[in-house]
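Undergrad: Chains as they are written, first to last, in this note's numbering: chain A, 1 to 353; chain B, 1 to 353.
Since the hints were derived computationally from the structure, they do not count as laboratory data.
Glycine included, each C-beta is placed from N, C-alpha and C at the ideal position.
Here are the simulated DMTMM-like cross-link-like pairs (lysine to aspartate or glutamate), alpha carbons at most 25 Å apart as the crow flies:
(1) B:LYS23 to A:ASP72
(2) B:LYS23 to A:GLU62
(3) B:LYS103 to B:GLU125
Here are some, though not all, of the chain A residues that point toward chain B, as calculated from beta-carbon distances under 7 Å:
(4) SER7
(5) ILE47
(6) LEU55
A few chain B positions that, by computed beta-carbon distances, are all more than 12 Å from chain A:
(7) TYR73
(8) GLY77
(9) GLN127
(10) PHE135
(11) PRO163
(12) LEU164
(13) GLY278
(14) GLY311
(15) LYS315
(16) ASN329
(17) LEU352
Protein chains: 2
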Amino acid sequence: MVNKYWSDLVNRLEPYVPGEQPKQAALVKLNTNENPYGPSAKVIEAIREQAGDNLRLYPPPESDQLRRAIGDYYGVGIDEVFVGNGSDEVLAHCFQALLKHKKPVLFPDITYSFYPVYCGLYGIEYQTLPLTADFSIRVADYVGDNGGIIFPNPNAPTGCLLPLADIEWLLQKNTESVVVVDEAYIDFGGATSVGLVNAYHNLLVTQTLSKSRSLAGLRVGLAIGNSRLIEALNRVKNSFNSYPLDSLAIAGAVAAFADEEHFESTRSAIIRDRELLGTQLAERGFHVLPSAANFLFVRHLSMPGSALSAGLRQKGVLVRHFNRPRIENYLRITVGNPEQNRALVQALDQILV
Amino acid sequence: MVNKYWSDLVNRLEPYVPGEQPKQAALVKLNTNENPYGPSAKVIEAIREQAGDNLRLYPPPESDQLRRAIGDYYGVGIDEVFVGNGSDEVLAHCFQALLKHKKPVLFPDITYSFYPVYCGLYGIEYQTLPLTADFSIRVADYVGDNGGIIFPNPNAPTGCLLPLADIEWLLQKNTESVVVVDEAYIDFGGATSVGLVNAYHNLLVTQTLSKSRSLAGLRVGLAIGNSRLIEALNRVKNSFNSYPLDSLAIAGAVAAFADEEHFESTRSAIIRDRELLGTQLAERGFHVLPSAANFLFVRHLSMPGSALSAGLRQKGVLVRHFNRPRIENYLRITVGNPEQNRALVQALDQILV
Numbered sequence: 001m002v003n004k005y006w007s008d009l010v011n012r013l014e015p016y017v018p019g020e021q022p023k024q025a026a027l028v029k030l031n032t033n034e035n036p037y038g039p040s041a042k043v044i045e046a047i048r049e050q051a052g053d054n055l056r057l058y059p060p061p062e063s064d065q066l067r068r069a070i071g072d073y074y075g076v077g078i079d080e081v082f083v084g085n086g087s088d089e090v091l092a093h094c095f096q097a098l099l100k101h102k103k104p105v106l107f108p109d110i111t112y113s114f115y116p117v118y119c120g121l122y123g124i125e126y127q128t129l130p131l132t133a134d135f136s137i138r139v140a141d142y143v144g145d146n147g148g149i150i151f152p153n154p155n156a157p158t159g160c161l162l163p164l165a166d167i168e169w170l171l172q173k174n175t176e177s178v179v180v181v182d183e184a185y186i187d188f189g190g191a192t193s194v195g196l197v198n199a200y201h202n203l204l205v206t207q208t209l210s211k212s213r214s215l216a217g218l219r220v221g222l223a224i225g226n227s228r229l230i231e232a233l234n235r236v237k238n239s240f241n242s243y244p245l246d247s248l249a250i251a252g253a254v255a256a257f258a259d260e261e262h263f264e265s266t267r268s269a270i271i272r273d274r275e276l277l278g279t280q281l282a283e284r285g286f287h288v289l290p291s292a293a294n295f296l297f298v299r300h301l302s303m304p305g306s307a308l309s310a311g312l313r314q315k316g317v318l319v320r321h322f323n324r325p326r327i328e329n330y331l332r333i334t335v336g337n338p339e340q341n342r343a344l345v346q347a348l349d350q351i352l353v
Numbered sequence: 001m002v003n004k005y006w007s008d009l010v011n012r013l014e015p016y017v018p019g020e021q022p023k024q025a026a027l028v029k030l031n032t033n034e035n036p037y038g039p040s041a042k043v044i045e046a047i048r049e050q051a052g053d054n055l056r057l058y059p060p061p062e063s064d065q066l067r068r069a070i071g072d073y074y075g076v077g078i079d080e081v082f083v084g085n086g087s088d089e090v091l092a093h094c095f096q097a098l099l100k101h102k103k104p105v106l107f108p109d110i111t112y113s114f115y116p117v118y119c120g121l122y123g124i125e126y127q128t129l130p131l132t133a134d135f136s137i138r139v140a141d142y143v144g145d146n147g148g149i150i151f152p153n154p155n156a157p158t159g160c161l162l163p164l165a166d167i168e169w170l171l172q173k174n175t176e177s178v179v180v181v182d183e184a185y186i187d188f189g190g191a192t193s194v195g196l197v198n199a200y201h202n203l204l205v206t207q208t209l210s211k212s213r214s215l216a217g218l219r220v221g222l223a224i225g226n227s228r229l230i231e232a233l234n235r236v237k238n239s240f241n242s243y244p245l246d247s248l249a250i251a252g253a254v255a256a257f258a259d260e261e262h263f264e265s266t267r268s269a270i271i272r273d274r275e276l277l278g279t280q281l282a283e284r285g286f287h288v289l290p291s292a293a294n295f296l297f298v299r300h301l302s303m304p305g306s307a308l309s310a311g312l313r314q315k316g317v318l319v320r321h322f323n324r325p326r327i328e329n330y331l332r333i334t335v336g337n338p339e340q341n342r343a344l345v346q347a348l349d350q351i352l353v
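The following block holds chain A by itself, in its conformation from the complex (with noise of 0.2 Å):
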């Protein structure tokens, strides 16, 4: 229904829709690639330390001392480091000031959601290209006039992962636009971008808190490029919220990334553990794609995907079924910690028999 105090663009707008954030606590909740594990034990530390009296003043406007700390872990300045309110936020910043432009920004056609989104958020036209038959980005596709071009590595949510030389070769042939990576689960078994951004200066790499290390609470987000492309985004950034990091936010970031133990050992047991359930779900009649990410995208042979998911639901086991063209009958499973795993596994085994 139009309604006279609403813009234009509110009364077409299609918004993005979040996995279900339950509130009963007995779920288990293997439906937005949340972490199993919790935050680092100093993270925890450092926003207990943060919380008191200096909350009565606004943060660092440009949270210098995290983007210092991101700079000084991936080897960049800290004027190519661009940080925001969770990788959302980065991302939609990156879409208004650096993919509208009067060509089609182009992504794959079964990716990240929220792209089409933003694109009727900021008046963006897009081409969405066709994953092969086995789902995976082919970038030659990509190669041509384009306002900009996105896609996630491994992509969502199939978990493929396109090879860093695959990366290089299309910015390569693609120097007239900005190609964003979206890195949001490159922790789980890729290789960043990130050493890339100094030879090709239209790179732009975009990371989470919110998946390797366990802070999805938290809401930080970066973004790794050439310095002017750092500065359009922090115009747009200036634009609109002076300070989008709260001082908690912050303190917990660069505690995160100063905890290189903790980070290791609980992405090594995510992947040890992706390993072992995409076998227990070969072995019960699921294709299961090849992951990169700390979820599994599968099909199972016989029984359609939203019948699965209702199942598990009733099971108390919580996936993401996507009801689109080409992947209506998989599955995005996040790898949980081993019980979540078993759990998972037994309902499927009393569904499937």
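Starting from the structure of chain A, add chain B where the hints point.
TA: Chain B alone, transformed into the frame defined by chain A:
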């Protein structure tokens, strides 16, 4: 310099410049209207309790618990409340969702300097209407064709309050567009317009926890209005960032609304000290505008604003000076605690000899 990777928008943008956040702790910081008193001890406790393993999970995307707490506090329904990452983000969404129309949005010539920045960001036409000679808003000027109306109450940086009766008069005359009353400073002496939202479905009231709740470092803002206006804000929010408030901010903000005693004692101390400081400044040759905020807007009868601001800075006291027509000789001075206010007066006594 035009950059081919930047969107046309970025090449045009003139971002907002926030007040300085100095890195030296020794300065007397009266330049960004922060509260001189820390937040409630219950807020700190709630944040420390929330800081734990559950930070691995996404926050509730609609911040239900906080919206209910705010609704209960103000006697409105949960669907009449919107929350965001600081009131700057809430205001940005208001401009995009409710103030972008074919006709220009109206606001005062002297007001919060982020308003024209939002217009630049979203391509919204605006028209400024001059404050009267004594710096008050004349609501009759706002009647007539427009795409929306927005002003702070009390106004910033003047501190001048508009009576509720004037706002209601304007709402009766202006029914075809949204009226946003930005109440960032309302708790320091004004009467909120929240009680009018049930009668006027085009009224949206915004507030922040950064000032009277001593939580600038936590980034929480809110809007209250008819559920159809809130729905418009939600549509934009859900097309931009599903989880704008982190779990710690939600927990802290809920606790802030539950500690009325802390709220009352700190705001009454500030109101009392504002009156004392106003008298002391008047005695030293300042013209002091009547203020209902946690700052004073003052002009010295013989010394220019820029010289005074620079002189105070040399003595370690930061105040805000806007180098803009009509107010270039004014200073906006945050009301600090008694010690900070004394330091300001002593520095002035040395400068004005």
